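Engineer: The residues making up each chain are set out below.
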Amino acid sequence: DVKVTQSSRYLVKRTGEKVFLECVQDMDHENMFWYRQDPGLGLRLIYFSYDVKMKEKGDIPEGYSVSREKKERFSLILESASTNQTSMYLCAITSRDRGVYGYTFGSGTRLTVV
Amino acid sequence: GIQVEQSPPDLILQEGANSTLRCNFSDSVNNLQWFHQNPWGQLINLFYIPSGTKQNGRLSATTVATERYSLLYISSSQTTDSGVYFCAVETNFGNEKLTFGTGTRLTIIP
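Protein chains in written order, with this note's numbering: chain A, 1 to 114; chain B, 1 to 110.
Do not take every clue at face value.
Cut-off 30 Å, straight-line C-alpha distance, at most; resulting in silico cross-link-like pairs (DSBU-like, lysine-lysine) [as the list claims (entries may be wrong)]:
{"id": "1", "chain 1": "A", "residue 1": "Lys-18", "chain 2": "A", "residue 2": "Lys-3"}
{"id": "2", "chain 1": "A", "residue 1": "Lys-55", "chain 2": "B", "residue 2": "Lys-54"}
{"id": "3", "chain 1": "B", "residue 1": "Lys-97", "chain 2": "A", "residue 2": "Lys-71"}
{"id": "4", "chain 1": "A", "residue 1": "Lys-18", "chain 2": "B", "residue 2": "Lys-54"}
{"id": "5", "chain 1": "A", "residue 1": "Lys-53", "chain 2": "A", "residue 2": "Lys-18"}
{"id": "6", "chain 1": "A", "residue 1": "Lys-3", "chain 2": "A", "residue 2": "Lys-57"}
{"id": "7", "chain 1": "A", "residue 1": "Lys-57", "chain 2": "B", "residue 2": "Lys-54"}
{"id": "8", "chain 1": "B", "residue 1": "Lys-54", "chain 2": "A", "residue 2": "Lys-70"}
{"id": "9", "chain 1": "A", "residue 1": "Lys-18", "chain 2": "B", "residue 2": "Lys-97"}
{"id": "10", "chain 1": "A", "residue 1": "Lys-55", "chain 2": "B", "residue 2": "Lys-97"}
{"id": "11", "chain 1": "A", "residue 1": "Lys-55", "chain 2": "A", "residue 2": "Lys-70"}
{"id": "12", "chain 1": "A", "residue 1": "Lys-53", "chain 2": "B", "residue 2": "Lys-54"}
{"id": "13", "chain 1": "A", "residue 1": "Lys-13", "chain 2": "A", "residue 2": "Lys-55"}
{"id": "14", "chain 1": "A", "residue 1": "Lys-3", "chain 2": "A", "residue 2": "Lys-55"}
Quick caveat, the hints were computed from the structure, so don't treat them as lab data.
Quick caveat, the model's predicted, so the values are computed rather than measured.
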């Protein structure tokens, strides 16, 4: 089974701090995604990556950046955390099985910015 | 961009009941998936169903792409079915980016 690991389950940071959220996959999948989930808004795409050193903006990239130096690791960076970035952050990869692809999500990081 | 609407937003049912969750989308899609998020936050892919009908145990899903909607059926509900159900669509073939609906929160009472 595909495994997607997010380094922290809960995180509390102060306004203005630089925050790193890490996501690691255990297979050789190219595509990796970062979403945030907020009540009443569902999941919204922040950034995604199709390969090492490649990144593309999603629907809400403002205030975030990403890094993908190795295929298995995709990091989300909050350059200067703000209270409106308090949210659940979910990393995902896509995999293909017999021509059909599916999403596998990590267990999420609940970030609180105070 | 595409709009994805799910109904109802909340559903409370007795164990053993059947339920139908609906997903409407505003434009043509290449892919549609249903997910279940359990009370601990873990999202699980239930169905990849751009068109047609699929069944997996007590769950089944139908997508009518020409009419821009999908339905998720849950029969003989169990308490473990509780959680939030999301519908998500992909509009640009091959880029694998999903646009999610706002979800249906299902609570099954013993």
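Engineer: Does each hint hold? Answer for all of them.
Structural biologist: Status of each hint after checking the structure:
Of the supplied pair hints, the one linking A:Lys-18 and A:Lys-3 holds, its CA atoms being roughly 27 Å apart against a limit of 30 Å. A hinted pair counts as satisfied when its Cα atoms are at most 30 Å apart, and A:Lys-55 with B:Lys-54 does not qualify at roughly 34 Å. A hinted pair counts as satisfied when its Cα atoms are at most 30 Å apart, and B:Lys-97 with A:Lys-71 qualifies at roughly 19 Å. Taking the CA atoms of A:Lys-18 and B:Lys-54, the gap is near 45 Å; set against the 30 Å cutoff, the hint is violated.
Our distance criterion of 30 Å between C-alpha atoms is met by A:Lys-53 and A:Lys-18, whose separation comes to about 21 Å. Restraint check for A:Lys-3 and A:Lys-57: satisfied, since their Cα atoms lie roughly 24 Å apart, inside the 30 Å limit. In summary, the hint linking A:Lys-57 to B:Lys-54 is not supported, as the alpha carbons are separated by about 33 Å, beyond the 30 Å threshold. A C-alpha spacing of about 37 Å is found between B:Lys-54 and A:Lys-70, which places the hinted pair above 30 Å, so the restraint is violated.
For a cut-off of 30 Å, the pair hint linking A:Lys-18 to B:Lys-97 stands: about 27 Å separates their Cα positions. Restraint check for A:Lys-55 and B:Lys-97: the C-alpha separation of about 13 Å stays at or below 30 Å, so the hint holds. As the CA atoms of A:Lys-55 and A:Lys-70 are separated by approximately 13 Å, the hinted pair is consistent with the 30 Å bound. In summary, the hint linking A:Lys-53 to B:Lys-54 is not supported, as the alpha carbons are separated by about 38 Å, beyond the 30 Å threshold.
Straight-line distance between C-alpha atoms of A:Lys-13 and A:Lys-55 comes to about 25 Å, which keeps the hinted pair within the 30 Å bound. Note on A:Lys-3 and A:Lys-55: the hinted pairing holds, with a Cα-Cα distance of about 21 Å set against a maximum of 30 Å.
Hint compliance for this structure: hints 2, 4, 7, 8, 12 are broken, all remaining hints hold.
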